[in-house]
Amino acid sequence: NAGVTQTPKFQVLKTGQSMTLQCAQDMNHNSMYWYRQDPGMGLRLIYYSASEGTTDKGEVPNGYNVSRLNKREFSLRLESAAPSQTSVYFCASSEVRTGKDYGYTFGSGTRLTVV
Amino acid sequence: QKEVEQDPGPLSVPEGAIVSLNCTYSNSAFQYFMWYRQYSRKGPELLMYTYSSGNKEDGRFTAQVDKSSKYISLFIRDSQPSDSATYLCAMTTSGTYKYIFGTGTRLKVLA
Numbered sequence: 012n013a014g015v016t017q018t019p020k021f022q023v024l025k026t027g028q029s030m031t032l033q034c035a036q037d038m039n040h041n042s043m044y045w046y047r048q049d050p051g052m053g054l055r056l057i058y059y060s061a062s063e064g065t066t067d068k069g070e071v072p073n074g075y076n077v078s079r080l081n082k083r084e085f086s087l088r089l090e091s092a093a094p095s096q097t098s099v100y101f102c103a104s105s106e107v108r109t110g111k112d113y114g115y116t117f118g119s120g121t122r123l124t125v126v
Numbered sequence: 182q183k184e185v186e187q188d189p190g191p192l193s194v195p196e197g198a199i200v201s202l203n204c205t206y207s208n209s210a211f212q213y214f215m216w217y218r219q220y221s222r223k224g225p226e227l228l229m230y231t232y233s234s235g236n237k238e239d240g241r242f243t244a245q246v247d248k249s250s251k252y253i254s255l256f257i258r259d260s261q262p263s264d265s266a267t268y269l270c271a272m273t274t275s276g277t278y279k280y281i282f283g284t285g286t287r288l289k290v291l292a
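Protein sequence lines correspond, in order, to chains A and B. Under the working numbering, the first residue of the first sequence carries the number 12, and numbering increases by one thereafter. Under the working numbering, the first residue of the second sequence carries the number 182, and numbering increases by one thereafter.
Worth flagging that the hints you see were computed from the coordinates, not collected in a lab. Hints should not be assumed to be uniformly reliable.
Straight-line distance between alpha carbons at most 25 Å, and here's what the computed BS3-like set of lysine-lysine pairs gives [stated by the list, open to error]: (1) B/248 - B/237; (2) B/248 - B/289; (3) A/20 - A/82; (4) A/82 - A/68; (5) B/237 - A/68; (6) B/251 - B/279; (7) B/183 - A/20; (8) B/248 - B/279; (9) B/279 - B/237; (10) B/223 - B/279; (11) B/279 - A/82; (12) B/279 - A/68.
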């Protein structure tokens, strides 16, 4: 039972470089999310995908793009990395149905440093 | 003012103590309330889930929701050193996809 798998686990980028964070889930969940976690700020939603084929902005989308490749995979792209994007990034998935909610399953995170 | 407020701690208690962790919120439309536990350098894991008001118990853990006061609590009985972690509250309205998280309370249980 892998759950939510994120790659890579660690990354160091130079300012202006680009990279893609990968996320895959094997729980057949409809919804997937990207969060960033910073000290004192908690978890902040970057983008989410309610279902395959849809994506929407969250609280802090600037500087990021996403792709919901299929039901399993949801990637996050930094086109031109900035030091302010140094953070720990978490992917999560959930099953949301009308009148019910089952919470998130999180991946183990990607620690990104932009120098 | 943040939608969800949580005391960051750290909270240090001796082994065996009863721990009380709390969050307050401002949006009266929140209906789903959750507590996550996050060990250092790991992803959050779902600990307790409560719909609307009331209590829910699971082993040593009890989650309590008081919607009239916009206040939720997580109680840990007979706390163990393995309970040392950051505890995050999260909440959302019905049928949405976005949870609002508290900033987390760091708990340390001393052996």
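The hints, checked one at a time:
1. B/248 - B/237: 14 Å, holds
2. B/248 - B/289: 28 Å, violated
3. A/20 - A/82: 22 Å, holds
4. A/82 - A/68: Between residue 82 of chain A and residue 68 of chain A the Cα gap is close to 18 Å, so the pair holds against 25 Å.
5. B/237 - A/68: 33 Å, violated
6. B/251 - B/279: 19 Å, holds
7. B/183 - A/20: 30 Å, violated
8. B/248 - B/279: 19 Å, holds
9. B/279 - B/237: Distance ~23 Å between residue 279 of chain B and residue 237 of chain B Cα, so the pair holds.
10. B/223 - B/279: 21 Å, holds
11. B/279 - A/82: 18 Å, holds
12. B/279 - A/68: The hint holds at about 11 Å.
Hint compliance for this structure: hints 2, 5 and 7 are broken, all remaining hints hold.
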